[in-house]
Amino acid sequence: MGEPDINTLIARRGQIKAIVTRFQNYLKSPDCDTKQIPPRQLKIEEAWQNFELVQTAIEELENSIGITDHSQYRIDFENLFFETVAEAEQKISSIRANQNETSFRNSNNGESINSTSSIIKLAALNIPVFNGNYNDWVPFKDIFTALIHTNSNLTSIQKFFYLRSSLNGDAANCIKNFETTALNYEHAWKTLTARYNNEKLLIQCHVKDICELNVVKDNSSDSLRMFSDSLRAHISALEALKQRPTDWGPLLIHIICSKLDSNTLTEWEVKSPKTEIPKIEDLMIFLNDRAHILEAVESSKNLINNINTISTSEIKDKVNRKNSHNKTRTTSMAFTTTAEVSCFICNLKHTIYKCPTFLALSINDRIKKVNEIELCKLCLRKHDSKKRCLSRNCFKCGKTHNTLLHIVQHKINNNARSTTEEKSNPSSTQIDGNSTISAHSHDKNHEQVLLSIAIVRAFGENKSSSLCRALLDSGSQSNFITEELVQCLKLKRTKTNHQISGIGTTVQHAHSYVIAQMKSKFNDYSFTLKMLVVPKITNDIPAKHIYNTGQVPQNVSLADPLFWSPQKVDLLIGATHFYDLMGERRITPAPNGPIFQETKLGWVVSGPIQMYNHKVEPLSNSICHTALTHTDLTLENMLPRFWRVEEFEGDNTYTIEEKTCKSFFDKTVIREPDGRFTVHLPFRENSLRLVESYNIAKRRLLNLESRFANNARLKNKYTHFMNEYISLGHMERIQDDPINDKKEAYYLPHHAVFKEASTSTRLRVVFDASCKTSNGVSLNDTLLKGPVLQDDLIYILARFRTHNFVLSADITKMYRQFWVTEAHRIFQRILWRTNPQENIKIFQLNTVTYGTVPASFLATGCLHKLADSQNVDPIIAAAIKRDFYMDDFLGGTNSYESAVQLRDGLIKTMQSAGLELRKWNSNNDKLIKDVMSIKQDSNDTVLISDDNSITKVLGLIWNSTTDTLQFKVQQNNFTIIGRITKREILSVIACLFDTLGLVGPAIIRAKLMLQQLWRLKIQWDEPLPSEIQEQWINYKKLFVCIK
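Per the UniProt record's numbering, the sequence shown starts with residue 1, numbered consecutively.
Honestly, I wouldn't trust all of these hints.
[To be verified] Have a look at the derived ranges for each label pair, beta carbon to beta carbon:
no.	residue 1	residue 2	range
1	150	585	41 to 47 Å
2	1015	466	50 to 56 Å
3	1040	1012	21 to 27 Å
4	540	165	16 to 22 Å
[Claimed, not checked] Capping the alpha-carbon separation at 20 Å, the derived lysine to any residue pairs in SDA-like fashion look like this:
no.	residue 1	residue 2
5	662	885
6	881	911
7	521	48
No lab work stands behind these hints, which were simulated from the structure alone. Note that beta-carbon positions come from the ideal geometry of N, C-alpha and C, so glycine has one too.
Based on the provided sequences and hints, a complete structural model is requested.
What follows is the structure, encoded as structure tokens:
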């Protein structure tokens, strides 16, 4: 069946609007029955969801044909919908308020009387809510089947209504696509039972929960009772599923005992059999009896504490009344009760603090209403007026009335004015992800702050998409996405290691990121986001349902129409895109109300909302979103490396991605007739497509030319490098492509890197394959890295020190000796010109390119393929595989003759693949003097070490004359400048490269000193104690002697 056309969708939209209009007319009708309003309201809320789907489809179709005049209909419908819902709620509240007020006046004892006339019949049955937790499925199914499913007095549509109202979360999503009709009830029930009536999963869930029961706290009756009850519930559930957990004996007893506190475990060991395996039931009886004992002990202690509290209550009451605005009294818990709460105004199940009818009254009318129903003006409850009320005074003025009855005084007496400050509890509880919740004793203004939320469409793999809720946060350096949404969209992850820190510098880590396309639901605006994956971004926003949101301005398309309803957050868009999304217009309907800000995603609502819920609570939550992320190699990361530098690692096990890359290389590598190797770039499967990159490469070239204008020496060296690249055939010019071809290719920006320690090439041009294209994807993002094929450095150096005759050399321009297949060279294009006056030319790189992720693997993989060739001597093959570290060779033998054979065999084998060895060095002069005699090409230059005989091999300083390793210590690192800190100590000793641990006895003293600093909990930049400073100064004087 094809997609519906626009006329069908418009007709459907009209039908949906007609449903809302009929409901509005019904509310205005004199025959309106309040009993029918809630089910009718439920139906139009479904109409809202259907309208969103239909309207979005219409807008997408109209955008595709160039029509954009569709936003006004959405605005009109939103105004109609919210106006109708508000009118329905107001009508119900007003009718119930009038009924209940009459019942209150006729009451003899003044207590609230529950009115049954306004209770809807459908709400009489109290069915537990099922959210998709398998542990709750069996009791839910049994209760629902007994009360609803098999109830012949209920119609199918009534049963469906009960089913929907009894589900939320994943369970509600399971049947959300079924329309609420009588015919669909049986299908929905069968779908739900097929999903959750899985005996295998139910058993697994109960076993898993037993293994994950919380550990019992020491001598806590509540903790032990909860543990015992939960354990017995899971065992009973397993028995109901025809399992026999009591026969699991030693295994289950071990799991249970591992969760007990030491005192309880000791008691159990005393009472349990000494030689036989105890029974599960005996352990359960013991846990129940011990919980009874602990409860009795704690009850006695509480009784004594309560007596002491009452005896001093008069003194505490005076203190509390004096400081009632900034301190919390324990005696304020005197009104805590387990009875069912009923509102004194509307008789519904909430306190008067949350009653919309009461909160809608003016201050004077509230005072009048409180006097009419004879409530205490301080706590707004009923109690003996002769007894002193122990509730807090007004938060705003400190007088003996409730804050909800506070009358604002416009005339201020400066002489009597007092300034009070709230004392906040500085504790903070961390939220999953990058946010923190700061806990305070109370909130001075009793307001809730709305955060900017927008609904955006996120696109995943295979063009799948989903509407999701995004929090706009200018205080975050990174963007975030929840694990749930990543799985829903099936986004491709990339490994990373980001540290996330926020308020209080609490640090968390994100281990992967994704890249996804986002699109506004109101227009064609789209953008690409790179987001760190976290389990949860924050709690539901807003924290509580907001009843009074103020007037929404006319002609405003809300980015989140349900901004007043607490819902989960799927995305966090940080400062990278925050200001790009902001528009110019801003509307502030009320001086102290929220702000409506225009964005490219619609109008967002943010700012303070005055809350009228003044129920005293111990904590009020403030959600803060401030995230700093970085991947720098910090001293904290350097420290473990400093400790592990001498450790031996076992054999590496390839990951699935590394195995895939190696398998692809083995299948695609080719050896040409001249002996050289040709490789293919290992692209990821289902990776995001590379798009336009020409313009960014052009901008980078122009920036490079600006540097050339100020540095003629840099320009000459750079030009010489590029000309050599061309002359060797490693790069070739291609004809300028049409615009479409430019979008298919990938253009590598390039820049200069200086390596002062190099004896051959001090300047190297590095190609930036990590540069992002216009959709946020780089070439490196689409390539596999491949495994490490060569031995670890420590093994190569250790073998090197065991030979009597050693050789060192490196491969000339190793990466550039391996061709890239012609089909993949389109992804290695660059822009270049020797003078700014020339037109920019397009070149493509023909060889493996330094700067691409798999370059190292491709080059070393070709060396291994060369070693595996049939005509290569096994000794030479072993040397190629074991004694090369990247392009550096470091090997040897125990006799002169075998060293000659090794040298000649390496030269011959390397030449067969077009590779040349240079910078020869040895601890025997004759071995390197004979190199020239075996070179077939006299024009080739071989660099032989000079009389200095000191060279650098694999990061170490080697004196080939004496065949010794030396260490270089920078003298300027040991100059005492200012104060000495822990950072200075680590930065100095971490600079010493000692893979073999030859100077370990000297470094161990520094390690011990660092351990001492850790025990003292000294911060990185805090001055050290004088005693440790003196130790460090003496150590540095001796440390210089290492060289």
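Okay, the hints, checked on the actual structure:
At roughly 58 Å, the beta-carbon separation of residue 150 and residue 585 lies outside the given 41 to 47 Å, and the hint is violated. Checked against the given bound of 50 to 56 Å, the beta carbons of residue 1015 and residue 466, roughly 51 Å apart, stay inside it. Distance hint check for residue 1040 and residue 1012: the Cβ-Cβ separation is about 22 Å, which falls inside the suggested range of 21 to 27 Å. The given range of 16 to 22 Å is respected by residue 540 and residue 165, whose C-beta atoms sit roughly 20 Å from each other.
For the suggested pair residue 662 and residue 885, the alpha carbons sit about 19 Å apart, so the restraint of at most 20 Å is met. As the CA atoms of residue 881 and residue 911 are separated by approximately 17 Å, the hinted pair is consistent with the 20 Å bound. For the hint pairing residue 521 with residue 48, the CA-to-CA distance comes to about 16 Å; that is within 20 Å, so the pair holds.
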